[in-house]
Every structure is written in C-alpha cells, then in structure tokens.
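A.B. asks: Keeping the supplied structure of chain A fixed, place chain B upon it in accordance with the hints.
Single-letter residue listing:
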Amino acid sequence: MKTEDLIAALSADAAPRGPSLRTGVFLALAGALVVGAVVLHETLGVRGDAVAALTTSARFVFKFVVTAALAATALNLALKLSRPGARIAAAAAGLAVPALLLAAAVGLELLVVPPARWGAHAVGSYWLTCLTFGPVISLGPLALLLLALKRGAPDVPWRAGLVAGLAAGGIGTFFYAAHCPDDSPLFVALWYSLVVAMMGGLGALIGSRVLRW
Amino acid sequence: MLMRSALAGDGAAYRELLGALAPALRAFARRVLTASGRDAGDAEDVVQETLLALHLKRHTWDPSTPLAPWVWAIARHKAVDVMRRSGRRAEVPLDGLEDVLTQGEPETDGLEARDARRMVALLSGRERAVVEAMCLSGASVKEAGAKLAMSEGAVRVALHRALKRLAAAHGG
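Heads up: the protein sequence lines correspond to chains A and B, in order.
The numbers in the numbering used here rise by one with no breaks, and the one at position 131 of the first sequence is 131.
The numbers in the numbering used here rise by one with no breaks, and the one at position 115 of the second sequence is 1115.
Hints were generated in silico from the structure; no laboratory data involved.
Heads up, some of the hints might be wrong.
Here are the simulated DMTMM-like pairs of lysine to aspartate or glutamate, each with C-alpha atoms no more than 25 Å apart in a straight line [unchecked claim]:
id : chain 1 : residue 1 : chain 2 : residue 2
1  : A       : Lys2      : B       : Asp1062
2  : B       : Lys1164   : B       : Glu1143
3  : A       : Lys2      : B       : Asp1010
Next up, chain A with everything else stripped away, as it sits in the complex (with noise of 0.2 Å):
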C-alpha cells in the first residue's frame, strides 16, 4: 500500500470516534466503584458498627484515606503510563502519598500501642478473609480499568497494567474495609498491602498480553 493512500483512507475516516482517554478511564472508576459495593454488599456485607465508627475511630477512616489515596493516585499514573511520550515524574511521585500516609500512621500505631501487642494487631483476627474477598472485591474494578486502558497505548503494557491492578487494589481494599473488623494500621500495612501487591501482579500479569499495541 502506498503510504499517500493510507494517508487518504486514514483521513477518510476521521470522524471523532468515542470518549477521550480520560473520560474512558472515569467511567472505567464509577463502573468499578458501583462494582465494588455490588460484590462487598453481596457477599460480606457491611460490618453493623460501621456508621458509628466513621466519626469514632480514626482507624476506621483512616483504612478508606490511604485506599482511595491509592487507587486515586495509581489510577493518574495509569493514565499517564497509557499517553505515548507523556511526563510521569510527577505522577508516579503521587504513589508516594498512600506510601507515605501509610507509613505515618504505622508510626503513630507504633508509638501508641505497646509493642507486646504489636504482634496481635498486625496479624488481627481475619486475615484470611481479607487475603480472600480483597482480591475477590479487586477483581471487577481491575477487568473494567483494564478495559479502560486497553484504548490507551502504553509504551511499556506490563507496568500500565501493574499499577492498574494497584489502583483495583485500592478499590477493593476501599470495599473490603467497609467489612473488615481489623482497624489497625499494622493490619493494614500487612494484609492490604499484600491484597494490593497481589492485584498488581495479576495486572500486570494480564495488562502485558492485553495492552499491547
């Protein structure tokens, strides 16, 4: 084919053709936040004090910050990873926000909680069923954001989908907290992590066949 005519058939077919990369990944968001709930509603369910907690015990809220500080900022780095020739410094500076919120609060629960017991709250007392529905909850979110990006054209596949499947991660660890009766940071930083660290090796396990390009 001679390249004028591809240029000919190409501009033939010019006609804008569905949402922009962003408002792709946006809907991809709401649809795995509607997702998220549907799953945790249908299987664990809310945890009955879980009204009350939010405005009594910062380790409850503070279980919801640091997952949607993830998955808010995994998902603009994702986004910026499926851009050809986009700036990610900053982006993938914005991972340090959960990283760090994290690691304060392990700080403070260090500090305030006598280190006999420290034992006892990392391990908690479901870290089973958090091992088990996080990944369960992350699921929808990771297929939806996956679909997302895959309209994307990321330079490097596996990375898009690795940090796609952080910000699942992110979204079902979000859910999964809702359910979750263990509120310690040191919980969190040991299980949820894991949960996280396990959806971002399945994306990018899937997102190195899927993103290609």
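C.D. replies: Just chain B now, kept in the frame of chain A:
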C-alpha cells in the same frame, strides 16, 4: 492546530497533518534502521504502522500537551516493533528525534510501491472491498459507497474496522 481540527473530525486538516508527518517519520525510520545496522527497506513499514497507530490511538493525545512528543513516542514504539519482528535486538536512540523534523524529504526508492495486495489479503468481505476501492483505486468515501452500494456510514465503519484489523495484523 491541525490535530485539534482533525480530532474534531476535519478530514482535510487531518490529511494535511498526516501528509506533513509522513516525510519526517520516514526520515526518522531510515535513521533508526540504519543506526541499528539494518536495511532501510523496512522504513516504509515503520511509517505506515506509525500512521496507523497515530490514527487508532489519536484519543490518547492530551490536547493540553505538545503534539511532537506524542508522535515521536508512537514512532519509536512502532520502530521497535518492526525491528523486533525482523529479528535481532531492537534499539532506538532516545534523543535527537526532533532533528529529523528539520530535514528534507529523502528519496523514496520506490519503497512505497510495496506489495499492496499483501496487506489487503489480510482482509475479507466488505472491509476488503472498501480498502481496495479507497486505497488502491483512490476512491472517496462517497464514491466507494456508490460503487459498493453501501451507505457512507457503512463505508466508514468498514474502513475503520479494516484499519484496526491491519494494525492488529502488524502485531499490534
């Protein structure tokens, strides 16, 4: 800017933009291929695949950012693709890409007259008919529609699908 008009659906602006990019992409592709010790014969493949990718991924350009880095990132990605397919290690120099914009259009060596049928053979049915009419015979959307008894909308859809299929066939 041309790309903004093009994104708004202005085919003429789009054609002008792609036409202006093609020589720069060609110069870039030749430089990259020669720099990695390859035959510049694959240059036109890089040009066409880059144009196709620019087209199919045009919604990934953020209009609040400059166009050039976006174009070159896609060209680099596609150059690596082409070289990877042709075997051996693919390495694309990262800097100095903008220089090629200032260079003139190189000789074409008849590279453009590559086997058109080979690409079209990847398609079937209406997509193939549309691409043959438009790319090989140079018909417009309207003419192709009249010839194939398809509505202009149907021609556009078939064309769009065909372009995506071609891109996918190129390992994308």
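A.B. asks: Now tell me, hint by hint, if it's right for this structure.
C.D. replies: Comparing the hints with the structure gives:
no. : hint                  : in the structure
1   : A/Lys2 - B/Asp1062    : violated, 29 Å
2   : B/Lys1164 - B/Glu1143 : holds, 22 Å
3   : A/Lys2 - B/Asp1010    : holds, 22 Å
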